[in-house]
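Trainee: For the record, the sequence lines run as chains W and F. Per this note's numbering, the very first residue in the first sequence carries number 177; after that it's consecutive. Per this note's numbering, the very first residue in the second sequence carries number 23; after that it's consecutive.
Among these hints, one or two may not hold up.
[Claimed, not checked] Covered stretches of chain F (in silico footprint by chain W; criterion: 3 or more residues with CB under 8 Å from a CB of chain W, positions within the stretch not fixed): (1) 55-62; (2) 86-93; (3) 97-110; (4) 120-128; (5) 180-186; (6) 201-215.
[As the list claims (entries may be wrong)] Here are a few chain W residues that face chain F, going by a calculated C-beta distance under 8 Å: (7) D217; (8) A222; (9) R224; (10) S225; (11) L228; (12) D230; (13) P232; (14) P233; (15) L237; (16) I241; (17) A323; (18) A329; (19) A330; (20) L364; (21) A393; (22) V396.
[What the hints assert, rightly or not] Label pairs and their computed distance ranges (CB to CB): (23) R131(F) - T206(W): 21 to 27 Å; (24) R337(W) - R131(F): 21 to 27 Å; (25) T206(W) - R213(F): 16 to 22 Å; (26) R203(W) - T116(F): 37 to 43 Å; (27) T197(F) - A197(W): 16 to 22 Å; (28) A192(F) - G240(W): 31 to 37 Å; (29) G195(W) - K106(F): 46 to 52 Å.
Derived by calculation from the structure, the hints in this document are not laboratory data. The C-beta atom is built at its ideal place from N, Cα and C for all residues, glycine as well.
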Amino acid sequence: MDTHLGELLSACVDGELSGEARDAAERHLTSCAECRAAYDDLLRLARRSEALDDRPPARDLWPGIAARISAGATVIPLVTRRRRLALSVPQLAAAAVVLMALSAGSATLLTHRAPAPVPATGFAPVSLAEPIPRSASAKGVESYDAAIRDLEAALATRSPRLDPATIQAVKQSLALIDGAIRQAEAALARDPNSLYLNNQLERALDRKLEVLRSVTALAVAS
Amino acid sequence: MERALRRPEDGLSRSPTPDRTATAGISEAADVALAAAGDQQAFERIYRIHVARVHSLARRMAGSEGDADELTQDIFVRAWERLKTYRGEAAFGTWLHRLAVNAILNWRRTEAGERQRIDEGVDAELVEGRKSAGAERLDLEGAIERLPRGARQVFVLHDVEGFKHEEIAAMIGVTTGTTKAQLHRARLLLRALLER
Numbered sequence: 177m178d179t180h181l182g183e184l185l186s187a188c189v190d191g192e193l194s195g196e197a198r199d200a201a202e203r204h205l206t207s208c209a210e211c212r213a214a215y216d217d218l219l220r221l222a223r224r225s226e227a228l229d230d231r232p233p234a235r236d237l238w239p240g241i242a243a244r245i246s247a248g249a250t251v252i253p254l255v256t257r258r259r260r261l262a263l264s265v266p267q268l269a270a271a272a273v274v275l276m277a278l279s280a281g282s283a284t285l286l287t288h289r290a291p292a293p294v295p296a297t298g299f300a301p302v303s304l305a306e307p308i309p310r311s312a313s314a315k316g317v318e319s320y321d322a323a324i325r326d327l328e329a330a331l332a333t334r335s336p337r338l339d340p341a342t343i344q345a346v347k348q349s350l351a352l353i354d355g356a357i358r359q360a361e362a363a364l365a366r367d368p369n370s371l372y373l374n375n376q377l378e379r380a381l382d383r384k385l386e387v388l389r390s391v392t393a394l395a396v397a398s
Numbered sequence: 023m024e025r026a027l028r029r030p031e032d033g034l035s036r037s038p039t040p041d042r043t044a045t046a047g048i049s050e051a052a053d054v055a056l057a058a059a060g061d062q063q064a065f066e067r068i069y070r071i072h073v074a075r076v077h078s079l080a081r082r083m084a085g086s087e088g089d090a091d092e093l094t095q096d097i098f099v100r101a102w103e104r105l106k107t108y109r110g111e112a113a114f115g116t117w118l119h120r121l122a123v124n125a126i127l128n129w130r131r132t133e134a135g136e137r138q139r140i141d142e143g144v145d146a147e148l149v150e151g152r153k154s155a156g157a158e159r160l161d162l163e164g165a166i167e168r169l170p171r172g173a174r175q176v177f178v179l180h181d182v183e184g185f186k187h188e189e190i191a192a193m194i195g196v197t198t199g200t201t202k203a204q205l206h207r208a209r210l211l212l213r214a215l216l217e218r
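This is chain W alone, in the form it adopts within the complex:
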């Protein structure tokens, strides 16, 4: 390679060359001081660039953001949100049951297992935080657990604002979903590599998260 490397220098820095092109570039860099110096500089530059620290703005931008989102030209007002959610929660419970029934694995479960009994009032003693044994093979279970725990904690502080009938409906939905989770885990304990069972477990965890998110949203809006 007689001419200078030019744009190939950046390809060298980024490790994009292979085979003969890479060997040729290496030979050139060995013999060309100009390209070698440029290569060393660009490599240092790339390393400095990827290590740049982020720094916050010089002034606090939150007041401006808060004012804009409070004005909320396109944000749905809380009152509207509350009305929509208040109407949807019983439907939410029903939807959870329907989803369960549509699932082949869950349908089997429903024929063998009744919903767990729930207390008449209050959210504090609810089995939301009931520990559920996990299969090590279920991917991402820990992240589900973490999100569920946080939503349950957030909900525990806000649930007194909810209507008792709503609480009851949500508890019943969660009890059904927890039953599906246990069922999937029991099956996974026997067949930990089953893709179907792992998917079932993930779907059940997704449903639980969705119910918790929705009811937390309702509690916040109340």
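Following the hints, complete the assembly by docking chain F onto the known chain W.
Mentor: Coordinates of chain F only, in the frame set by chain W:
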């Protein structure tokens, strides 16, 4: 050579959006749910966690602190409006970062349309940057700000944010040949600026 050339597998180690710690992710999941339901205090906590990253991205891409302030506010307002579309498929930080990149690129397209095509202003812009720099010795952040807009955009996305050429090309609607050329030009300009 003291060091063999970097191989493809060496790569640049920085990911586009570094994962938060597990603990931060746990509390963030709840705050995202609360914010999506209209809780501004939860959204402010999210803002505090991510503002440095978003503002730094905006500052480097826009090239000025004032534009970065405005962009950062726009990005968080947009995030607030779109929180309900976040489904948790990716980490929240990844979702926000992608939203920020798209917002900045859209802003830049408008800017480019109002002023001039990116490539037409390269030399004049760099000369102007050199004049304003005077005898001051530039640090890397200052040198990036003085890059021509097109080169700066590709440099920041590739070398600072860790996006691949294919991703950058798709985002800004050019070929990878163009992004590679812009990146190399940016690096040479930075080398020259930093050596002054």
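Trainee: For every hint, state whether the structure bears it out.
Mentor: Cross-check of the supplied hints:
{"no.": "1", "hint": "55-62", "in the structure": "holds (count 7)"}
{"no.": "2", "hint": "86-93", "in the structure": "holds (count 3)"}
{"no.": "3", "hint": "97-110", "in the structure": "holds (count 5)"}
{"no.": "4", "hint": "120-128", "in the structure": "violated (count 0)"}
{"no.": "5", "hint": "180-186", "in the structure": "holds (count 3)"}
{"no.": "6", "hint": "201-215", "in the structure": "holds (count 8)"}
{"no.": "7", "hint": "D217", "in the structure": "holds, 5 Å"}
{"no.": "8", "hint": "A222", "in the structure": "holds, 6 Å"}
{"no.": "9", "hint": "R224", "in the structure": "holds, 6 Å"}
{"no.": "10", "hint": "S225", "in the structure": "holds, 4 Å"}
{"no.": "11", "hint": "L228", "in the structure": "holds, 6 Å"}
{"no.": "12", "hint": "D230", "in the structure": "holds, 4 Å"}
{"no.": "13", "hint": "P232", "in the structure": "holds, 4 Å"}
{"no.": "14", "hint": "P233", "in the structure": "holds, 5 Å"}
{"no.": "15", "hint": "L237", "in the structure": "holds, 5 Å"}
{"no.": "16", "hint": "I241", "in the structure": "holds, 5 Å"}
{"no.": "17", "hint": "A323", "in the structure": "holds, 4 Å"}
{"no.": "18", "hint": "A329", "in the structure": "holds, 7 Å"}
{"no.": "19", "hint": "A330", "in the structure": "holds, 5 Å"}
{"no.": "20", "hint": "L364", "in the structure": "violated, 22 Å"}
{"no.": "21", "hint": "A393", "in the structure": "holds, 3 Å"}
{"no.": "22", "hint": "V396", "in the structure": "holds, 4 Å"}
{"no.": "23", "hint": "R131(F) - T206(W): 21 to 27 Å", "in the structure": "violated, 44 Å"}
{"no.": "24", "hint": "R337(W) - R131(F): 21 to 27 Å", "in the structure": "violated, 45 Å"}
{"no.": "25", "hint": "T206(W) - R213(F): 16 to 22 Å", "in the structure": "holds, 21 Å"}
{"no.": "26", "hint": "R203(W) - T116(F): 37 to 43 Å", "in the structure": "holds, 41 Å"}
{"no.": "27", "hint": "T197(F) - A197(W): 16 to 22 Å", "in the structure": "holds, 20 Å"}
{"no.": "28", "hint": "A192(F) - G240(W): 31 to 37 Å", "in the structure": "holds, 32 Å"}
{"no.": "29", "hint": "G195(W) - K106(F): 46 to 52 Å", "in the structure": "holds, 49 Å"}
Checked against the numbered hints given earlier, the structure breaks hints 4, 20, 23, 24 and satisfies all the rest.
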